[in-house]
Amino acid sequence: MAGGGELVVSFGEMLVDFVPTVAGVSLAEAPAFLKAPGGAPANVSIAVARLGGEAAFVGKLGDDEFGRMLAAILRDNGVDDGAVVFDAGARTALAFVTLRADGEREFMFYRNPSADMLLTADELNVDVIKRATVFHYGSISLIAEPCRSAHLRAMEIAKEAGALLSYDPNPREALWSSREEARTKILSIWDQADIVKVSESEVEFLTGIDSVEDDVVMKLWRPTFKLLLVTLGGQGCKYYLGFPWSCPIVQNTTS
Numbered sequence: 001m002a003g004g005g006e007l008v009v010s011f012g013e014m015l016v017d018f019v020p021t022v023a024g025v026s027l028a029e030a031p032a033f034l035k036a037p038g039g040a041p042a043n044v045s046i047a048v049a050r051l052g053g054e055a056a057f058v059g060k061l062g063d064d065e066f067g068r069m070l071a072a073i074l075r076d077n078g079v080d081d082g083a084v085v086f087d088a089g090a091r092t093a094l095a096f097v098t099l100r101a102d103g104e105r106e107f108m109f110y111r112n113p114s115a116d117m118l119l120t121a122d123e124l125n126v127d128v129i130k131r132a133t134v135f136h137y138g139s140i141s142l143i144a145e146p147c148r149s150a151h152l153r154a155m156e157i158a159k160e161a162g163a164l165l166s167y168d169p170n171p172r173e174a175l176w177s178s179r180e181e182a183r184t185k186i187l188s189i190w191d192q193a194d195i196v197k198v199s200e201s202e203v204e205f206l207t208g209i210d211s212v213e214d215d216v217v218m219k220l221w222r223p224t225f226k227l228l229l230v231t232l233g234g235q236g237c238k239y240y241l242g243f244p245w246s247c248p249i250v251q252n253t254t255s
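FYI, the numbering for the sequence shown is 1 to 255, going by full-length UniProt numbering.
Some hints here could point you the wrong way.
[Said to hold, decoys possible] Cβ-Cβ distance ranges computed for the label pairs, FRET-style:
id : residue 1 : residue 2 : range
1  : Asn112    : Ser211    : 33 to 39 Å
2  : Leu227    : Val22     : 37 to 43 Å
3  : Val216    : Glu181    : 18 to 24 Å
Honestly, the hints are just simulated from the structure, not real lab data.
The model shown is predicted, which means the values in this text are computed figures rather than measured ones.
Every residue, glycine too, gets a C-beta built ideally from N, C-alpha and C.
Using the sequences and the hints given, assemble the complete structure.
This is the structure in structure tokens:
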């Protein structure tokens, strides 16, 4: 996909989610699973393209059936996959996702290691990254080398080229060796972002305080930020520009 518009480049993981066909059961109790594309950064790319924006994805997939399927899904949704590389020696990541009775998700990952973890800085498509108006990423790619170094280098390239850096940490605790390691690595790049999005549970995870009151959320604010967004589930969201604003959930009236 080529164009002269404002490009959103997402960096990180893309994987296959296997979701039970019924909600509120454990993985062992699930009668069957449906496969679906997953990975928060890739989902952002697809969402941007579906909304009419220009999007590209940077990451690594296994040179296997699932990897080729995911690359095709990117293309079919209008996402530039020219910065996707394939690894013949590693599989595409898989995740089994439990939909609990309360609607929350639990994850069981298969990454030993998976291809996304093996992306190197030398494999980055620098031309695509330099075109970014917004460079978006999460924290999963910070867990292990060599992908961590590739992630940091991609951020550096994007920032030097003038892109806004957009950070959705989206921690998956099961993938980290400890909560402390997750917090430390997630916050290690906190100050470099221009835009940060967190959920209610992530505010607690990062601050240690079970609250989304303004004084708690502002512990996450940095002078370098342009926007800090806190999603509140069915209650909408709050956003901060150095001071708080709230946005109620919008009722969908379309048919």
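query: Looking back at the hints listed earlier, which ones does the structure fail to meet?
result: none
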